[in-house]
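Asks: Residue numbers (full-length UniProt numbering), protein chains in the order written: chain R, 1 to 540; chain X, 1 to 171.
Simulated from the structure, these hints should not be mistaken for laboratory data. Nothing here was measured: the structure is a model prediction, and the numbers come from that model. Each statement offered as a hint is correct.
List of simulated lysine to any residue pairs, SDA-like, C-alpha gap at most 25 Å:
1. R/LYS210 <-> X/MET137
2. R/LYS233 <-> X/LYS80
3. R/LYS199 <-> X/THR160
4. X/LYS55 <-> R/PRO185
5. R/LYS210 <-> X/GLU143
6. R/LYS259 <-> X/PRO82
7. R/LYS199 <-> X/GLU157
8. X/LYS139 <-> R/ASP197
9. R/LYS210 <-> X/GLU159
10. R/LYS199 <-> X/ALA141
11. X/LYS80 <-> R/GLU264
12. R/LYS210 <-> X/LYS139
13. X/LYS139 <-> R/VAL270
14. R/LYS233 <-> X/PRO82
15. R/LYS199 <-> X/ILE147
16. X/LYS80 <-> R/CYS190
17. X/LYS80 <-> R/SER248
18. X/LYS102 <-> R/SER200
19. R/LYS210 <-> X/ARG162
20. R/LYS259 <-> X/GLN122
21. R/LYS259 <-> X/THR81
22. R/LYS210 <-> X/GLN135
23. X/LYS80 <-> R/PRO185
24. R/LYS319 <-> R/LEU375
25. X/LYS80 <-> R/ASP187
26. X/LYS139 <-> R/SER223
27. R/LYS259 <-> X/PHE118
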Amino acid sequence: MSTLQQQQPPCTAMPPQSAASSIGSCFSNLDDFDLDVQNLPNVANCKVSCDCCSLCRLPEVSEAGDISAAEILSGNGTIATTCGTSMLPDLPTSPRQESTADKALMRGAAGLLQKLSNHDKPSDRLSPVYWQPTVNSPLVPLSITIPRARIGPGSKGKALICDAAEASALSTSIDNTDYFNTFLPDDALCSIFKFLDVKSLLRMCECNTKLRSAASNNNAGWSNHCSSLWSRKANVCSRATSLLAQASNHSRSNLCLTKNIAMEAYKTSVVDAATRNEVSLEELCYDESPFKGGPIWSFRFKESAGSDWTSWDPWWSGKQARKLVFLRDGSIMQLQPEGKTAPCRIHNGVPLYDVFSERIVHRDGVDVIPPRIELKWRFVHRPLDLPARPEGAYIRITVGGRDVPTYVVRRSPNGNWGFILESCWGIYASFDLAPRGSVSSSTASRRRLRRTRNGTRWVNVDDSDIEDPDQDGRDHTRNVRRRTDLFVEESEMVVTGHSQWREALLYNIGAVALPDGNNANAEQERRQFNLVWRNSRMMR
Amino acid sequence: MNADECMETIKLTSRGGDSFELPYAAARLAHVVRDANDENDDGDIDSPEDVEILKVNSPCLEKVVEFLKHYHEEALTEIKTPLEDNTFEGNVKQEWYQNFLKGIDQPMLFDLVTAANFMAIQPLLDLTCLKVSCQLMGKSAEEIRQILNIPKLTPEEEETARRDHRWIFDD
Numbered sequence: 001m002s003t004l005q006q007q008q009p010p011c012t013a014m015p016p017q018s019a020a021s022s023i024g025s026c027f028s029n030l031d032d033f034d035l036d037v038q039n040l041p042n043v044a045n046c047k048v049s050c051d052c053c054s055l056c057r058l059p060e061v062s063e064a065g066d067i068s069a070a071e072i073l074s075g076n077g078t079i080a081t082t083c084g085t086s087m088l089p090d091l092p093t094s095p096r097q098e099s100t101a102d103k104a105l106m107r108g109a110a111g112l113l114q115k116l117s118n119h120d121k122p123s124d125r126l127s128p129v130y131w132q133p134t135v136n137s138p139l140v141p142l143s144i145t146i147p148r149a150r151i152g153p154g155s156k157g158k159a160l161i162c163d164a165a166e167a168s169a170l171s172t173s174i175d176n177t178d179y180f181n182t183f184l185p186d187d188a189l190c191s192i193f194k195f196l197d198v199k200s201l202l203r204m205c206e207c208n209t210k211l212r213s214a215a216s217n218n219n220a221g222w223s224n225h226c227s228s229l230w231s232r233k234a235n236v237c238s239r240a241t242s243l244l245a246q247a248s249n250h251s252r253s254n255l256c257l258t259k260n261i262a263m264e265a266y267k268t269s270v271v272d273a274a275t276r277n278e279v280s281l282e283e284l285c286y287d288e289s290p291f292k293g294g295p296i297w298s299f300r301f302k303e304s305a306g307s308d309w310t311s312w313d314p315w316w317s318g319k320q321a322r323k324l325v326f327l328r329d330g331s332i333m334q335l336q337p338e339g340k341t342a343p344c345r346i347h348n349g350v351p352l353y354d355v356f357s358e359r360i361v362h363r364d365g366v367d368v369i370p371p372r373i374e375l376k377w378r379f380v381h382r383p384l385d386l387p388a389r390p391e392g393a394y395i396r397i398t399v400g401g402r403d404v405p406t407y408v409v410r411r412s413p414n415g416n417w418g419f420i421l422e423s424c425w426g427i428y429a430s431f432d433l434a435p436r437g438s439v440s441s442s443t444a445s446r447r448r449l450r451r452t453r454n455g456t457r458w459v460n461v462d463d464s465d466i467e468d469p470d471q472d473g474r475d476h477t478r479n480v481r482r483r484t485d486l487f488v489e490e491s492e493m494v495v496t497g498h499s500q501w502r503e504a505l506l507y508n509i510g511a512v513a514l515p516d517g518n519n520a521n522a523e524q525e526r527r528q529f530n531l532v533w534r535n536s537r538m539m540r
Numbered sequence: 001m002n003a004d005e006c007m008e009t010i011k012l013t014s015r016g017g018d019s020f021e022l023p024y025a026a027a028r029l030a031h032v033v034r035d036a037n038d039e040n041d042d043g044d045i046d047s048p049e050d051v052e053i054l055k056v057n058s059p060c061l062e063k064v065v066e067f068l069k070h071y072h073e074e075a076l077t078e079i080k081t082p083l084e085d086n087t088f089e090g091n092v093k094q095e096w097y098q099n100f101l102k103g104i105d106q107p108m109l110f111d112l113v114t115a116a117n118f119m120a121i122q123p124l125l126d127l128t129c130l131k132v133s134c135q136l137m138g139k140s141a142e143e144i145r146q147i148l149n150i151p152k153l154t155p156e157e158e159e160t161a162r163r164d165h166r167w168i169f170d171d
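Please work from the sequences and hints to get the whole structure.
Replies: Here is the structure:
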């Protein structure tokens, strides 16, 4: 048989009869409790989380001015805890995490029971009432008497159970602010967070769960961050833009699913730009959509392509780089060429021209329009001397029916998320190329050197081999050019004749098609190279 | 009569029972006042009535009324995002509004945020939230916990949060 004990365990099991008289007989002053002792059922039958009696129901806490609040606080501040739990609840690690004041109250009260023995002052001691069904059962806290002085003034009329030591610890801060009083609702937090930069927002997510929830919300300014970031980028993946569109159009019915979607869009765009170096059809082709134009690529030759090509490249003449577009049918065409030429086709109202169609060749003192040079493109999976990568990493371009060294796809090194297609002889960029002559500070101080013919010295690239030209009237320089501005971003080019020497060699000896192996290994590469080499030699 | 031109005064009563008088035309910046007085879509109103703001204590409501009165005379310039500056003074150029929040302690600042949020006074909400955000900008998680006086995540929760957001801090 349980009994009710005050301050000292143990008790015996409660007989199956009205508990009211049993409880009442154990307490000297029923006014110490707010229990509705007249309506208590059989306490032994109370279960965890049931709603059968005032012992099980959580006490209601209301704002000042509310009648129920006045009733609770009018006495000596006694608060009932729930019964039926077989164990004392765990001490709350963060009372503030409770969403309602009454839950905080209950947990705070239960936690305080474990601290009772720590107080020396009798005035600080609490007077709990325990129930123990059997001798060996854990104690079940039924209620505690809390001296009125131990109940804090509360925030906005809410009652608080303040353990003196706990309250002191909780209020420790730079400005001794009581966080119970300054706990802001989520929408107010979002109003604060919309002014923060991205890294500060993510720092909020590391603070606690409530701030994490608020800082991840769409209303915390993530849409603005997306717009601001993406306005400075040449390419943003379509998945991120569609996520942001969802954030703008979310309905109330799926609010739970879309409330963090703007942040997800931001993250998706950043991660995609950092990890994906292959271009999709949508990001490559101009005519992916019949209703609008797609990406336009700036193209120029590298110096290594030779003067035969650079001499009529507009970029090398100080003009804007050629604007080329890739089409889904595998062709490459040009936008807005200089000079007189007729468009070959129209896409979405925009005329498209053959590449290089504006060039004019002097022949026998007459300007003639040279034959049309058709450019085609296709994806390849593994060119010579390069590792296998997913589709979209390598593009093979055919010029006038002959494969030229592969264009390797990568992200632009200037951090604008754009794509670069680079070979040893040419470069395409999905953004406007800096005009020739805009030398960056990193390259302005560099010198371009070459070895003299006899290999004994290094000289400036456009200086003479002869140390003192006046001593010998003949100019032995292999290649004399006027000093030109340095190739813009040259230090950031990674594909050179050295890395593509086999493809460049095959082209130069007349190969029509360059090898491509889907899963080529070194042996297969060597056989393919030898085959093309032999065929090219035979054709010559 | 048109609410904007209404110079009749009304009283806003705080939780503590203190009343603060101000012109209705100034008070209507707060949507809670507008809703309590049942303005129609054209902004017309018959006769404005006093409003009880039971969620706001007296010191805070006094500051709110001070803001409403001044805003009626000199509107706060919209605060644009992204911010041009990391400081409060760098983003709020109007001297009165800079001084409005000077010298108030953290509890009052948070009370003003809550009051502005509850009363739906967007300019005051923007101003006070900007002040708080400038305090938080660039701070570490531990410093933010100290400013807001909030407890830590568990080590496991903190590690999860850092792992989830490594994509930005690895830049």
